[in-house]
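*Asks:* Sequence:
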Amino acid sequence: MTKTKFDFRSFLAAEDGAVTVDWVVLTAALVGLGLAVMAVISTGLENLSGDIQTQLQGQQINTTFGN
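If you're matching positions, the sequence shown starts at 1 in full-length UniProt numbering and goes up one per residue.
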């Protein structure tokens, strides 16, 4: 029984997995931040690409030199 108590106490005192938990939380936060940034930027990029398309479609291309 003494060995079992010692093993249980050493298990409770061990901090080996704490670093892994920290990395999981940090990685999840970075993924969430990336998704939030994409959600904010995507609408602006869609509007900008539409404006560029409209501008390019309105351009006239000269097929002769000097005219």
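In case anyone wonders, no lab produced these hints; they're calculated from the structure.
Take these hints with a grain of salt, some might be off.
[As the list claims (entries may be wrong)] Simulated DEER-style distance windows between Cβ atoms: (1) I41 x K3: 50 to 60 angstroms; (2) L35 x S10: 32 to 42 angstroms; (3) S42 x N62: 33 to 43 angstroms.
Quick reminder that beta carbons are idealized off the backbone N, C-alpha and C, glycines included.
*Asks:* State for each hint whether it applies.
*Replies:* A quick look at each hint next to the structure:
1. I41 x K3: 50 to 60 angstroms: Cβ of I41 to Cβ of K3: about 58 angstroms, so the range 50 to 60 angstroms holds.
2. L35 x S10: 32 to 42 angstroms: Check passed, 40 angstroms falls within 32 to 42 angstroms.
3. S42 x N62: 33 to 43 angstroms: Once the Cβ atoms are compared, 36 angstroms apart, the range 33 to 43 angstroms for N62 and S42 holds.
Going down the numbered hints, you'll see the structure goes against none, and every one checks out.
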